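Enquirer: Given next are the chains, with one letter for each unit.
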Amino acid sequence: MKFLRVLVLVPYFLLASFPLFWLGLTSLKSYEDSISNTVKFVPSAEAAAPNSVRFQASFEAYRSLAQPVAGTPNNFYQYLGNSVIVGVVSTLLAVVLGTLCAYGFSRFRIPGSKDWLFFILSTRFLPPLGVVVPVLMMYRSMRLENTHLGLVVLYTGFNLSLAVWLMKGFIDDIPRAFEEAAWMDGYSRLQTFWRVVLPEAATGMAVTAVFCLIAAWNEYGFAMTLNNYEATTVPVYFAGLQGNIKGVPWPQIGAGMVVFVAPIVLFTVLVRRHLLRGVTFGTVKG
Amino acid sequence: MHQGPDRSPLLKWGFVGPALVLLTALNVFPLLFNIYLSFTNTDLSGGVVEGVGMANYTRLLTESRYVDAITTTALFVACSVMAELVLGFVLALALRDRMPGKPLVLTVLLIPMMLCPVVMSLFWNLILNGQYGALNQLLAAVGLPEPAWLTDDDLKLTSILMVDIWMWTPFMMLISLAGLNAIPKHIYEAAEIDRASRWRVFRTITLPLCAPLLGLAVLLRATDALKQFDLVMAITGPNDMTTQTLSARLYQVVFRDYKVGLGAAYGVVILVAVILGATIFVRHIERIKRQQGAQL
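Residue numbers (my numbering), protein chains in the order written: chain A, 1 to 286; chain B, 287 to 582.
Treat the hints loosely; a few may be bogus.
[Stated by the list, open to error] Label-pair restraints from in silico Cβ distances:
#: 1; chain 1: A; residue 1: L14; chain 2: B; residue 2: R384; range: 21 to 29 angstroms
#: 2; chain 1: B; residue 1: I469; chain 2: A; residue 2: N146; range: 49 to 57 angstroms
#: 3; chain 1: B; residue 1: N525; chain 2: A; residue 2: S17; range: 31 to 39 angstroms
Simulated from the structure, these hints should not be mistaken for lab results.
Remember, it's a predicted structure, so these values are computed and weren't measured experimentally.
The beta carbon of each residue, even a glycine, is placed where N, CA and C say it ideally should be.
Could you build all of it, start to finish, from the sequences and the hints given here?
Expert: Put into structure tokens, the structure is as follows:
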């Protein structure tokens with residue numbers, strides 16, 4: 001049994017982590033080395049022969065992120081800035097609205113609450129491409145096309161269902177006795193929410209925020225179809241480089257991807273205990 | 287349930303109202319608008335908008351690209367979900383027991399599903415490239431043939447599937463692990479006393495007890511795979527005959543041909559498929575919740 005386990009895990013682990021490993025290596029290469037006909041996987045300090053497995057590692061690609069790649073108007077950091085603005089603002093909004101809504105459904109008797117909750121969940125299943133046409137036309141008439149605000153509103157809506165369901169799970173777990181004790185002391189509903197429930201729900205809010213941020217950070221369909229220039233996020237920027245006339249600048253793309261993906265890897269490690277909840281809308285608590 | 291102080295309806299709707307209003311505005315309205323558009327000849331390049339009745343739907347049904355897109359999407363959903371389920375479950379079985387370094391291994395394995403699909407599949411283009419890609423160089427090193435992953439019509443969909451499987455197997459693994467961990471130890475102890483064979487234990491205890499959660503995972507993945515767009519865009523582009531999923535087809539129709547009306551009709555088709563999947567999903571979690579005895 002132990003042998004079988006190793007036989008499954010070791011090859012899969014190597015295969016699954018290879019793209020990440022390769023991404024890191026590519027970001028340290030020169031353009032020629034990145035598309036060399038020999039597999040170059042040993043970084044070295046000095047120049048290596050073209051047919052050697054060694055390559056000269058440098059941080060040149062990271063430095064070049066500050067320069068626009070041929071054919072794009074801005075440098076990488078401007079697109080990263082767009083991703084950060086859209087991601088952070090929409091996440092904050094989704095967590096605030098989601099927490100309020102989840103508290104309401106958790107602690108009040110709301111007529112049709114079950115139907116409302118399933119309506120909220122069902123919005124998450126909507127295919128972006130299925131509603132992108134009307135959204136685009138709405139945005140054109142409201143001049144929200146190509147704006148940060150337009151994406152923020154969409155992402156808030158997109159993440160809200162996840163935020164409500166995750167927060168409902170977390171708030172349901174907070175013992176009601178805490179609130180009842182506060183009422184005895186004469187706290188009002190809002191005071192209880194603010195001073196008793198919110199501190200207890202803080203971890204849940206942080207976890208929810210991470211999942212919302214990742215979803216907004218990774219989104220591509222809406223970001224591409226609603227933006228041509230002003231608020232272009234990193235995924236759209238990279239996808240646009242594909243047809244680059246000078247050949248795809250792999251080391252720069254690799255370096256940009258490392259910068260773009262690193263925070264997500266960090267967040268994944270931070271919320272690893274809550275991953276199960278996050279990907280199942282809080283229905284499986286693990 | 288103790289209702290607490292201040293039971294005014296204003297307060298409770300104040301809590302839930304803003305979210306409900308935003309969700310309605312962003313979902314219900316575009317949905318209805320989309321259905322309306324699908325009965326018109328709206329064109330992104332301008333022109334007079336007129337109702338055209340069912341014309342978009344009849345056109346869609348007679349388009350061979352439509353049938354191809356449905357076939358491609360169905361094939362993609364079936365292959366990716368099945369492969370991810372089997373692989374994910376096998377990995378979960380292997381990772382089930384305690385072993386040194388397990389938290390680290392688990393975390394590394396889970397990373398791909400958190401990363402940006404379009405960005406990571408763009409990078410896969412470098413790995414899969416026929417001439418200088420790392421995969422073919424490895425295959426050549428062990429004397430295997432070097433297929434043209436990205437340009438051979440017979441292999442493009444396989445390449446996209448490979449990336450999807452890389453990305454989403456961890457999801458199946460994670461949920462399978464939860465299912466396995468939830469099986470009470472004493473059931474296995476009882477089976478041991480009965481001297482049940484390993485295979486019998488697996489077939490009569492492990493698999494059936496994991497099934498509800500695996501069903502949940504399959505439904506989540508399937509509704510997601512139905513919308514497949516990002517990987518197709520990054521690996522072959524939206525207008526490739528062999529990999530054009532419904533979402534890619536819709537993109538092509540609306541944003542390259544400017545036929546909004548027809549695109550909206552495609553949107554309705556995708557919606558119906560997703561709603562079917564989502565309805566089953568909702569029923570399923572209701573059942574799971576009932577089994578767990580939790581209140582919704």
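Enquirer: For each hint, tell me whether it holds in the structure or not.
Expert: Hints, verified against the model:
1. L14/A <-> R384/B: 21 to 29 angstroms: holds (22 angstroms)
2. I469/B <-> N146/A: 49 to 57 angstroms: holds (52 angstroms)
3. N525/B <-> S17/A: 31 to 39 angstroms: About 33 angstroms separates the Cβ atoms of N525/B and S17/A, which means 31 to 39 angstroms holds.
Of the numbered hints listed earlier, not one is contradicted by the structure.
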